[in-house]
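Colleague: Next come the chains, spelled out residue by residue.
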Amino acid sequence: MPPVPADPMVPRSCRVERARRETADTFTLALEAPPGDGGFAFAPGQFNMLWVFGVGEVPVSISGDPTEPGAVVHTVRMVGAVTRAMGQLARGDVVGVRGPFGSHWPVEAAAGNDVLIVAGGIGLAPLRAAVYQLLASRERYGKIALLYGARTPADILYRRELRRWRARSDLEVAVTVDRGMGGWRGNVGVVTAFIPRVSLDPSNTVAMVCGPEVMMRYAVREILRRGVAAHRIHLSMERNMQCAIGLCGHCQYGPTFVCREGPVFGYPRVEDLMALWEI
Amino acid sequence: METLERVLGEHPFFEGLEAPYVQLLVGCATNVRFERGALLFREGDEANQFYIIRRGTVALTVFVPQRGPVTVGTVGDGEILGWTWLIPPYHWHFTARAEGLTRAIALDAKCLRTKCEEDRVLGYELLKRFAHILEQRLHATRLQLLDLYGSRA
Amino acid sequence: MGSTPHVGDAVVVECGDLRLLMEALRARGFLVVGPTIRDGAIVYDELASPAQLPAGFTDVQEGGGYRLAKRTDDALFGYAVGPHSWKRYLHPPARRLWRARRAAGGFEVLPEGGEPQRYAFLGVRACELHAIAIQDKVFLQGQYVDPHYRSRRENVFLVAVNCGQAGGTCFCASMGTGPRATQGFDLGMTEVAERSRHHFLVEVGSPAGAEVLREVPQREAGAEERGAADRAAAAAAARMGRTLDTRDIRDLLQGNPDHRRWDEVADRCLTCGNCTMVCPTCFCTTVEDVTDLTGEQAERWRRWDSCFTLAFSYIHGGNIRATAKARYRQWMTHKLSTWIDQFGTSGCVGCGRCITWCPVAIDITEEVQAIRAGDRAAPPSAQRADHGDA
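Residue numbers (this note's numbering), protein chains in the order written: chain L, 1 to 279; chain W, 1 to 153; chain C, 1 to 390.
The following block holds chain L by itself, in its conformation from the complex (with noise of 0.2 Å):
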């Protein structure tokens, strides 16, 4: 059995468990860790490092249940050379896993409150993590809200999950694309326009947002304008990561390492910095 690398840029050498295509240009890899390999214990919010041989080597935020022991379950886009190739992987096929890296959705410190997700396109990859871990101790947090907005019906990730959701009592899930398509009998429209009508107590609520930042700009400007406090809204951001140990200076995000500091940062620390451009 290999042992767990003391090097951070050395991959463990993981199995496909499963692969399932989840849209058009994206698809979940459930992996699993080498027998007496430590396991992967993660925090919502964190993400790996995923190499496949001879390719290329990318972050990935971790979609799967921390609660959960065993394969930990990452979703991925389709965007390059790295993404397509890992696309290709079949159940058996070995990928590369540094990780976890990373800060993590405040899910334990939110207890007590009402819980506000924001999600947009591959954004609720991350934040479905974050749900997971809500639901696992429901009894600790009063309402919960999921909000996710998708590009089109077809865009649409964890069907299944969302249904499943959908028919608890104790979860509210608003779903909308930006985009119908025939059959579709959903909401159109951007996922910004729930927030103003989302059922919560804005003075003890705890919102998670994720996905492009200028929909969690303006997510977090509808949050804001409910009266949620500023340091109760909560972002991910995604910046170019390479070795995710703050070393190699590139996911800088103002005096920030995103793979260090972040991905997920309280609003307070970004605010400034996303009234930037180019920063």
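Because the hints were derived from the structure by calculation, they are not lab data.
Being a predicted model, the structure only gives us computed values, none of them experimental.
Note that beta-carbon positions come from the ideal geometry of N, C-alpha and C, so glycine has one too.
Do not rely on the hints blindly, as some may be mistaken.
Part of the chain L face toward chain W, derived, beta carbon under 8 Å [what the hints assert, rightly or not]:
1. R77
2. V79
3. P153
4. R159
5. R160
6. N187
7. V190
With chain L fixed as given, assemble chains W and C onto it according to the hints.
Modeller: Coordinates of chains W and C only, in the frame set by chain L:
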């Protein structure tokens, strides 16, 4: 009538509107209900109402040859549907279809138009509120156009 | 040789005996690297003998200009700094991190083996000692330690040489990093090259330095000789090529992201990245995964990278810092301001290399001055991202 008064009086859209005006609106209001698939209005029709959706989802659609009716936006619980009644020539730009059983309050816009001309204060109060709706719709439309979730790979 | 010198002692070593120091280092397994002339510049390279040192040469530096000139004496270290810095040895431009090959059950990683390279740096300036200390903070004091840097750093022997003159673009005095080398070295030398004498005042900075020095002929330093280091530093400090006002610089730069000066410097900047290559503290690298033609062997390399490259900030969809303005602003703000947030010190040691080696002579001290002059003088808020809806 009592229910309508409460709904209109408590709706955030009319917050700050003086009581006599609220009464006036109540006078123009009726409860309506649409079965799934029913059309609230058609593109090109005269815009003589606007709606407060109490419960349900209404799709704004445009018929595109070869594509059929395409939904460009939906309006849901608690939202206001219809601002075209304020802007000449007062013809709906889209067709509105109830996606499921929808309950709403319909307000007689033809009547309100006349009243707004007579009482400019009422006109301004309503225009202010609908300008906000317009801003929201424009902003949302622009965000949708940006195709933020689209991949540039 | 007398009794073993102690840390803090100062002795005099004749210039001619310098080769014995080099031999003592080599005998202990160190690869001696130091200044030598090549391609019209004083660069750092392996040294076999003192004959390779740039005796009698100095450098003449200005914004966008560097040339060598003959001195009137035979000083071995009579220059400031050249285009190389010691980071090319501690944090090499290209370093293979590991190799891997396909194996049953996936792949097998073959860690890099071999003995760590042991270097002796001969001729480290005070500013360079600070630069090394700054990179120590980056690579050794964070949550993740760089094992490659650590192995080299733990095995390096530092012979500092004090500056008796300042370079044309130097501003170490402004940055508090010189001209006097006060700590962080194993041996600290000050060269006295006059008509009647040519020797080095050698200060012992560590037990390792004391041990090596045992094999070099030496005599106790007299009172006047002891003062050589301070006199040299004073001479250098008095003639600094540049000054940089560091007051509130952290807030100054982070508080002025929309200053019009960034647009002005962007008009000149070629984004060539020279400054990042010559800067002794710039540490950004790229992780490069390569494979051989058969696809059976893969390697991961770490190579120097520069925030001036367009793709540095690429994420799917495009480059975050697409304009030269954004990239120059990133480099300078990081160097002088956000570095303080990240590592507790400035990233700049005032060596002046970025000024000398910039093809268009952009001067970081001048840029700071210009931004200070128009503090908060930003173009209209059109640049702000959350400006109201149009």
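Colleague: All hints, please: hold or fail.
Modeller: A quick look at each hint next to the structure:
Below 8 Å, beta-carbon pairs count as interface contacts, and R77/L has one with chain W at about 7 Å; its hint therefore holds. Hint on V79/L holds. Least Cβ distance to chain W is approximately 4 Å, under the 8 Å limit. Contact between P153/L and chain W, as hinted, is not supported at the beta carbon level, the nearest pair being about 10 Å apart and thus beyond 8 Å. Hint status for R159/L relative to chain W: violated, with the closest Cβ pair at about 16 Å, above 8 Å.
Here the hint on R160/L is broken, as its CB sits about 20 Å from the closest CB of chain W, past 8 Å. Interface hint status for N187/L: upheld, as the beta-carbon distance to the closest one in chain W is roughly 5 Å, under 8 Å. The interface hint given for V190/L is met, as the beta carbon of that residue sits about 5 Å from the closest beta carbon of chain W, less than 8 Å.
Of the numbered hints given earlier, the model fails hints 3, 4 and 5; all others are met.
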